[in-house]
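Asks: Chain by chain, the residues run as shown.
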Amino acid sequence: MRNAAKRQPPIKVAKHDGGTHVYAEVDGKDASRVYIGRKQIRVGPASEIRMAGIGGVGTEPAMRGRGIARRVYERTMREVHQQRYSCTGLFTGTTIVAHRLYRDFGYVDIKVFAQPGKLLDPAAFVAKVIAGLAKRRSLSDWRGTITVKLREHRPVRLRLEAGAVKTLSRAPSTTDLSITVSSMAFAALSWGGTTPEYLLTTRELEWQGSEDAWECLRQALSANRPCIHGY
Amino acid sequence: MSPPTRKTPSPAKIRLRSFREGDETAVAQIFTVYMTGFVGPSPVTPQSWRRHYRRQTWSGPSVEDDPDCARLALVGSKVVGYAVTDYKPEFEDDNAAVQELCVERGPNADAIAHALLADAEQRARTRGKQAILLSLSAEDAIAMRAAQTLGFRTSNNGGAVFMVAITDLPRFLREVAPELTRRLSASEFAQWSGTIAIESGQMTSGLKLSKGRVQVAPARGAGIRVAIHPEALPPVLLGQLRVSEAFLQNRLAVTASDRMQALKLLDVLFPRTPLYLPKGQWW
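These protein sequence lines map, in sequence, to chains U and Z.
Counting the first sequence from 1 gives a position; the numbering used here is that position plus 271.
Counting the second sequence from 1 gives a position; the numbering used here is that position plus 1420.
Treat the hints as calculated values from the structure; they're not laboratory data.
Cβ coordinates follow ideal geometry from the N, Cα and C atoms, glycine included.
Any given hint could be a false lead.
What the hints assert, rightly or not - Calculated lysine to aspartate or glutamate pairs in the DMTMM-like style (CA-CA distance at most 25 Å, straight line):
hint, chain 1, residue 1, chain 2, residue 2
1, U, 283, Z, 1588
2, U, 399, U, 423
3, U, 406, Z, 1513
4, U, 399, U, 380
5, U, 420, Z, 1560
6, U, 382, Z, 1484
7, Z, 1628, Z, 1665
8, U, 437, Z, 1514
9, Z, 1508, U, 319
10, U, 382, Z, 1665
11, U, 283, Z, 1524
12, Z, 1498, Z, 1513
13, U, 399, Z, 1484
14, U, 437, U, 423
15, Z, 1631, U, 319
16, Z, 1498, Z, 1484
17, U, 286, Z, 1588
18, Z, 1631, Z, 1595
19, U, 382, Z, 1595
20, Z, 1631, Z, 1560
21, U, 382, Z, 1539
22, U, 300, U, 331
23, U, 420, Z, 1514
24, U, 406, Z, 1559
25, Z, 1628, U, 319
26, U, 399, Z, 1513
27, U, 399, Z, 1560
28, U, 399, Z, 1512
29, U, 382, Z, 1588
30, U, 406, Z, 1514
31, Z, 1628, Z, 1560
32, U, 300, U, 350
What the hints assert, rightly or not - Quick list of simulated restraints, FRET-style, between CB atoms:
hint, chain 1, residue 1, chain 2, residue 2, range
33, U, 425, Z, 1456, 28 to 34 Å
34, Z, 1630, U, 493, 54 to 60 Å
35, Z, 1605, U, 338, 47 to 53 Å
36, U, 300, Z, 1484, 29 to 35 Å
37, U, 442, Z, 1569, 31 to 37 Å
38, Z, 1475, U, 443, 45 to 51 Å
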């Protein structure tokens, strides 16, 4: 235990660009970091509050799972207090692990953003996304047809064969898998802003057809790294 | 059909053009007026707006390198609205993101917003973008109406979330005291005098109300005592949850001789307020 504690890197604080960097240093490089920037937030026409805006949060993959990020954040919260901020705010994603860390430090969800958007060429977008997924391990050996029905647009029919994707102009005699989803949910899924499980639970996504085919596609979609999408 | 009672410019008279040096004065003014009432936006000056959009960054495009990213709507020679669209948002090169859309309020506001948004979409198509996204407030009804008529869709995709922790309650209340005074003095409680104790987790503070003024004061001897669950404190203080709603949800308890009046007073001090954190200011 004592050895483990000894291996913990030192947490350092540096003032930079009008803000504060809090970081854990390993071999001269920052292994985990947080940036505190001063934000002026208007609360009605007569008041502004000084908020510690948190950004640039990250931990090097090799350094994860060692409690370093938590220690950096403990130091960050001390800094927020020392710099006499009355509050602190940040953007994160509800699907990423840091969301739980922030809750442990007293952060509360204020607003979940549902970002409006529009696909400019839905068929091309679907084809490009599926082509990207087809190269992933779970789909790379799969052969069959997939129909993607974006709720507001015409169905897009695709044939997958050994990692290659072809758009079909006509409906095939059989479809192995058909998924129905709204266009922006599909877009969010494609860039890791949400997960197939979340969309299935909210009934935003439905699928029909072969269970094996769905499992291959689900695994390919789940391999997206979660991201904080939106603003 | 009766003749129109007020002469307003028709949508056909709205002219769009790209940003030019010197436009920042009109843009900053429109931003400031349009954002009044929202919780979140920082005040903007012509200089700060111009400085922010000098070069392409994580938080926005460059009006110097790409003046088309800021488009202005004019009626005659008067600037009546503008939109800023990032055609190279970080990590999403395939998309375009509209990050500011502000118009002069009035009967023509919807038409101006529609024209600006349709223009941004057309430019995104021309530039070969796959999707256009709105980094705007979902509580901005003018922008949302324009988006709806243009076929934008919203998905509750479990994506980005804004989180806040209150770290020093007395300090927070001191910062918002001028706004609490403004709210109180415009209400039926303007003459109310007394002290309100607010307690949440380990934090306690008092608000003294006297002659229409609100000041932070010790909590002892308060006539109204409010205990807020820590999960409800930031949403209440930032206008995202009404006090009476939190009360109904058992996330807030009030002790007072007349509890219903106390809840009314607290709703006056902490009303529900729309939130907008402009991407260009936050990131």
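Asks: Check the hint pairing residue 283 of chain U with residue 1524 of chain Z against an upper bound of 25 Å on the C-alpha distance.
Replies: Status violated; Cα separation ~48 Å.
Asks: Does residue 423 of chain U lie within 25 Å of residue 437 of chain U when you go C-alpha to C-alpha?
Replies: The hint holds at about 22 Å.
Asks: Regarding residue 442 of chain U and residue 1569 of chain Z, is the given constraint of 31 to 37 Å on their beta-carbon distance met?
Replies: Given about 32 Å between the Cβ atoms, the range holds.
Asks: Would you mind confirming whether the straight-line C-alpha gap from residue 399 of chain U to residue 1513 of chain Z stays at or under 25 Å?
Replies: holds, 14 Å
Asks: For a C-alpha distance cap of 25 Å, please report whether residue 1631 of chain Z and residue 319 of chain U respect it.
Replies: holds, 23 Å
Asks: That 47 to 53 Å hint for residue 1605 of chain Z and residue 338 of chain U (C-beta), does it hold up?
Replies: holds, 50 Å
Asks: Is the straight-line distance between the alpha-carbon of residue 300 of chain U and that of residue 350 of chain U 25 Å or less?
Replies: Answer holds: residue 300 of chain U to residue 350 of chain U is near 21 Å, not above 25 Å.
Asks: Has the given pair, residue 406 of chain U with residue 1559 of chain Z, been kept, meaning a C-alpha gap of at most 25 Å?
Replies: violated, 40 Å
Asks: Is residue 399 of chain U close enough to residue 1512 of chain Z, meaning Cα to Cα at most 25 Å?
Replies: holds, 14 Å
Asks: For the range 29 to 35 Å, tell me whether the beta carbons of residue 300 of chain U and residue 1484 of chain Z fit it or not.
Replies: For residue 1484 of chain Z against residue 300 of chain U, whose Cβ atoms are near 34 Å apart, the range 29 to 35 Å holds.
Asks: For the pair supplied as a hint, residue 382 of chain U and residue 1539 of chain Z, confirm whether the alpha-carbon distance does not exceed 25 Å.
Replies: violated, 29 Å
Asks: Is residue 1498 of chain Z close enough to residue 1513 of chain Z, meaning Cα to Cα at most 25 Å?
Replies: Distance ~34 Å between residue 1498 of chain Z and residue 1513 of chain Z Cα, so the pair is violated.
The structure is inconsistent with the numbered hints 4, 5, 6, 9, 11, 12, 13, 20, 21, 24, 27, 31, 33, although it conforms to all the rest.
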